[in-house]
Structures are given as structure tokens and as C-alpha cells.
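Chemist: Sequence:
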Amino acid sequence: MERTRVLRVDLSAGTVAFETVPEQRRRRYLGGKGLGARYLYDELDAGADPRGPENRLGFMLGPLSGALPGESRYAAVTKSPLTGAFLDSYSGGTFPDRLAGSLPDCLGVLVTGAADEPTALVVGDGDPRLEPAGDLSGADTVATAEAYPDAAVACVGPAGEREVAYATIASDAGDHHAGRGGAGAVMGSKNLKAVVARGDPPAVPDDLADLHAEYADAFADADAGKWQTAGETLESIDFAAEVGVLPANGWRDTANEVDGIGIEAAEAAAAEREYPEDDVPGGFRVETDDGETVPRGAAPMTLGAGLGMDDFDAVAALGEACDRLGVDVITAGNAVAWAVRADQVDFGFGDEDGARRLIERIARRSDGDDLADALAEGVDAAADRYGGDDYVPTVKSMELPAYDPRGALGMALAYATADRGGCHRRARPIEEEVFREDWDTARRVEAVVGAQNARATLWSLVVDDFAGETLWDDLGAEWLDALGVPHDDLRRVGDRVWTLVRLFNAREGFDREADTLPPQFGDPLPEGDAPAAGRAVDGEAFERLLDAYYAARGWDDRGIPTAERCRALDLPTDAPVRSADRTRADD
1 MERTRVLRVD LSAGTVAFET VPEQRRRRYL GGKGLGARYL YDELDAGADP RGPENRLGFM
61 LGPLSGALPG ESRYAAVTKS PLTGAFLDSY SGGTFPDRLA GSLPDCLGVL VTGAADEPTA
121 LVVGDGDPRL EPAGDLSGAD TVATAEAYPD AAVACVGPAG EREVAYATIA SDAGDHHAGR
181 GGAGAVMGSK NLKAVVARGD PPAVPDDLAD LHAEYADAFA DADAGKWQTA GETLESIDFA
241 AEVGVLPANG WRDTANEVDG IGIEAAEAAA AEREYPEDDV PGGFRVETDD GETVPRGAAP
301 MTLGAGLGMD DFDAVAALGE ACDRLGVDVI TAGNAVAWAV RADQVDFGFG DEDGARRLIE
361 RIARRSDGDD LADALAEGVD AAADRYGGDD YVPTVKSMEL PAYDPRGALG MALAYATADR
421 GGCHRRARPI EEEVFREDWD TARRVEAVVG AQNARATLWS LVVDDFAGET LWDDLGAEWL
481 DALGVPHDDL RRVGDRVWTL VRLFNAREGF DREADTLPPQ FGDPLPEGDA PAAGRAVDGE
541 AFERLLDAYY AARGWDDRGI PTAERCRALD LPTDAPVRSA DRTRADD
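Taking the UniProt record's numbering, I'd label the letters of the sequence shown as residues 1 to 587.
Treat the hints as calculated values from the structure; they're not laboratory data.
Careful, some of the hints might be misleading.
Label-pair ranges, simulated between beta-carbon atoms [to be verified]:
(1) Gly-509 to Gln-24: 43 to 51 Å
(2) Glu-267 to Gly-52: 42 to 50 Å
(3) Glu-267 to Thr-15: 44 to 52 Å
(4) Ala-13 to Gly-126: 14 to 22 Å
(5) Thr-573 to Asp-125: 40 to 48 Å
(6) Glu-117 to Gly-554: 25 to 33 Å
(7) Val-204 to Ala-541: 43 to 51 Å
(8) Ala-13 to Glu-146: 51 to 59 Å
(9) Glu-19 to Pro-53: 58 to 66 Å
Beta carbons are placed, not taken as given, at the ideal position from N, Cα and C, and that holds for glycine.
Throw the hints in and build the complete structure from the sequences for me.
Modeler: Here it is, written out as C-alpha cells:
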């Protein structure tokens, strides 16, 4: 069944209704990131409060949801309370498939307004409806999921309820998260405690069985499939240490040895391996004192090396605490590291108990706890209040993950131009560039622009990063054609979506001044045997690279898309704020 509608939820009015997405809009934006961005651009006024009832929160699916092999995803799309910019954050597990099965002709759920009391949206067992969820107020992500044993649940924990700016939306009892940028804070501000999906996952149509099997085999044989089987993103920490770009002790040092927290330590600690029904491996499942967790690569990086810890059990326990509270492990780890470096706490690096106590304080954000309240708004907010803005690097107020951009100038460009802030998932040229000496400006720009556009398309289809590698050549065109889904040229779709998000961010005041890196990256990495040793970000070279990037994108020297480029991509040319009664010609 082709997905042609969205489910509209107005929590202020207490209403739930379906609406059709015009075909032209589906052709141009597909679903997921692209469609969510278009709704956000059209319906949200510039300067709107991310935690206000007017903000939109999309649980977005794509035209391929439930059809592809591999783990399904949904996209949480909103305006970020951490950065004030556009936010798309992705999560897997069982919830996306069951949401897709609960709303078989829908490209997602769009939520606006705010409820007076904690509320749950229930779909998949008849007409969608809103139900009281006051008895779950204060419940962590595991307890919230257990309250609906017959369903898949996406929910907020205490951090979301307290509107921590980097609260997550958790699913599968905290095993999976729409993590970065604070979608959970937006959900909490709307008093939406949970989205409950009771429908069964979609079945693969018989006429797609051969195509499904072909791609499943291709994925299993691809490097991405083998990498996922070996350990998913946990291998990232070993790679970062090997090439010399793994920050340690709050970005003060560089870690070269990760024996206690790397992939081998994870294998030793794993109680079992979890395999979804389609036999694509999941992550390691590790027992902790509080239950079980599925650690991902970000936890050993930011909660391990970043906090000076080399004990995998300690890292897993901290990750489990973050998962239950519903808080992003990357920003949480950076927040604790900042507090240690700024001498605002009575513990140091390597102290699991101290880190856990501070994360708990931040997530619960008690009245009168000034430090926790400041850190709940992110590192930049804490530095504004206490000083120490050179301790933990941020881009557009989003704390960087653990790939030091001094190892590759292309990675510096990827961080600086990432649409949601300091994010490594939009483009990762460091994985190749760090081993090369022959990359010039043109090659770096090509790598970053190409990856950003391709992922903008794949995330509009809402494809898993791993399985998406098997779609890289045609970006999913074979699947869309097999399903009879109308679409524009998919490479043009990616360019259009990336540029639309830039228009949204430009309207919020982001331009060239925001596309920058902290000055600390001008100091070289320590000398040694690693490929990145001794490298630094040359400021003048970076500015030339940024000029070339803007030129390749058709943006002006401030980083604003030109009217000519917007016309070429069928986008608005004046970036206006949409009035309530205006209908765009391209709809």
C-alpha cells in the first residue's frame, strides 16, 4: 500500500485526524527528513520557541518503511531546543515497524499543541486516540514501556519531562533512542509521555520477496553488513583510537589505547547477541546492576574515553542510566566532562559514581540546583553562566562526538556545515581522508556534499544507515519503482532537502558565522605514530574550503542559498514566514 497520508495530532485541542499529502509534495520530499522539513518550514514561524506549543514534532516514516531488509527507522523531526536549528534524529528497533503497521497508508505523525496532563497517543488497534498517562508521570523509559506490554512504545523519561535540552525519545524500553538535539524535550513540553503502536509490522508483499532476498544477501556481503555483524558502531572507538582522533578526559588528551572499553571488551561483557527476526544482527546485550543495556559506539567514546574510564562495565552502567533517564549519551558525557574541567564538581575523571550522580541531577533538574539546571541546557549554556567555553567544543551549540576534526580537514567541514549542529552522521570523510595525503579542496568538498545529499535522500526514505549502504548507487530508486511510488530524481531530492533545511536554519539566523569550529582545533594533535598525529585545522585553509563548499552548493558567501539555486530546486526564493492562510503554489 502506498503511503499518502499523515496523522495530525493537536494536543491542545485533543484532536486526531488524517490528511492527504499532495502527490507533488511526496515526489519532491518522499517522507522522513524531507517531508518533515517541508512541514516544519511551512508551518513554524521564525523564532518560535522549540518548547512552545506551536513547535511541530514529527514521527516520520518513509515510502519504504517496513519493506526493506535490515532494521527499520523513524525520524523525529522538530526544531531543536539545544541549538535552535532544524533537528532530525533517528531511532530503530521494533517501534518503527509497528508504527508503520499501525498506520499502513501514512508517512508519519505530526504533533502540535500541548496537553494539560501527561498523555499517550495510541495507534494500531482501531481509531487513533489520545489517552491519559498521568500514572506514568516521572516513570523512566523501561517502566513506561512495561506499562504497554502488548505494544511498541516511543516515550520520554524523566529528562524529557523536565525538558532537558538533549532529552531523547526512547523506544524498546530504552534500547533505542532518537538521541541528539532534544526531540525528547519537545515531546515532554507537549506533555506527550508516549506514542503506543499496537499494530503488527508490515508484511513484505509477495511480489517483492525476490527483491527483498536479493538486497538482504547484498547487505550481508557488503562491508557495512560485515561491520554490523562484527560489532555495530562499537568498532568506531577502536578506529578512532587507532588513527589518533579519540578525545579523552574532556577533550584535554587523546586516547590511543582502548582495550578496556573497545570491541573486545564489549564481546567479553556481552551476555548474549540479539538478532531481529530478519537475521540482521543487533548490538551486544550487556547486563548491568540496573538491568540490561545495548551499548553503542557513542557510549565508550563519550562516557568512556571522554570521562577517563577504561572499564567497560562502568561505561555500560552509565549508558544504562542515560537510557533509563532518556538523555543523549554524547551530550551527557560532554556535560560531565565540562563540569570536571571547570572545577564545578567534587569528583574527577574516571569516577563512575560521580558521573552518574551528576547525570541524574541533570536529568531530574531539581529546583535550586543551579549547576544541573545550566548543564541541562547544554555545554554552551553552562559556559555562558560559569565560564570555560574552551573546554568542550561545540558547533551551533551541539557538542561534538568523539572524532577530532584535526585528523582530517574534510571532517572539519562536515562538522561545521552539518545542518543540526556538530554531528558526524551527515558525512564522515575522516574514515578515508585520515589515511590519505592527496586530498585537495575539490575532493573534500565532493566527499562532504555528496554524502550530505545522499543521506538526505536516504533519511527521507528513512533507511537504516547500515542497510542504506546497499542503496548507495541508486538511492532506493529500484525499490520505489517496484512499489510504484512516484518520485523525482533522487539525487536532486537530496540536494533539495539539504537546501530546504538550510533555508529553515537561515531564517533562524544561522549563516557563515555559525559554520565554524572552536579555535582550539588550531592547536596540533599530539605527535606519535597514529596517522592523525601532529595535524591541526589551518584556519585560512578552512575558510577557503568553506568558500568552495558554498560555491558547490549554489549558496552566497554568507552561506545563504541564492534565489537562482532555490528556483532550480523548486524551493521558495525569498524564505518567507508562512501565514496561516497561505497555500504555496508548489503544493
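Chemist: Now tell me if each hint is right for this structure.
Modeler: Here is how each hint holds up against the structure:
| no. | hint | in the structure |
| --- | --- | --- |
| 1 | Gly-509 to Gln-24: 43 to 51 Å | violated (30 Å) |
| 2 | Glu-267 to Gly-52: 42 to 50 Å | holds (46 Å) |
| 3 | Glu-267 to Thr-15: 44 to 52 Å | holds (50 Å) |
| 4 | Ala-13 to Gly-126: 14 to 22 Å | holds (21 Å) |
| 5 | Thr-573 to Asp-125: 40 to 48 Å | holds (45 Å) |
| 6 | Glu-117 to Gly-554: 25 to 33 Å | violated (48 Å) |
| 7 | Val-204 to Ala-541: 43 to 51 Å | holds (49 Å) |
| 8 | Ala-13 to Glu-146: 51 to 59 Å | violated (30 Å) |
| 9 | Glu-19 to Pro-53: 58 to 66 Å | violated (19 Å) |
Hint compliance for this structure: hints 1, 6, 8 and 9 are broken, all remaining hints hold.
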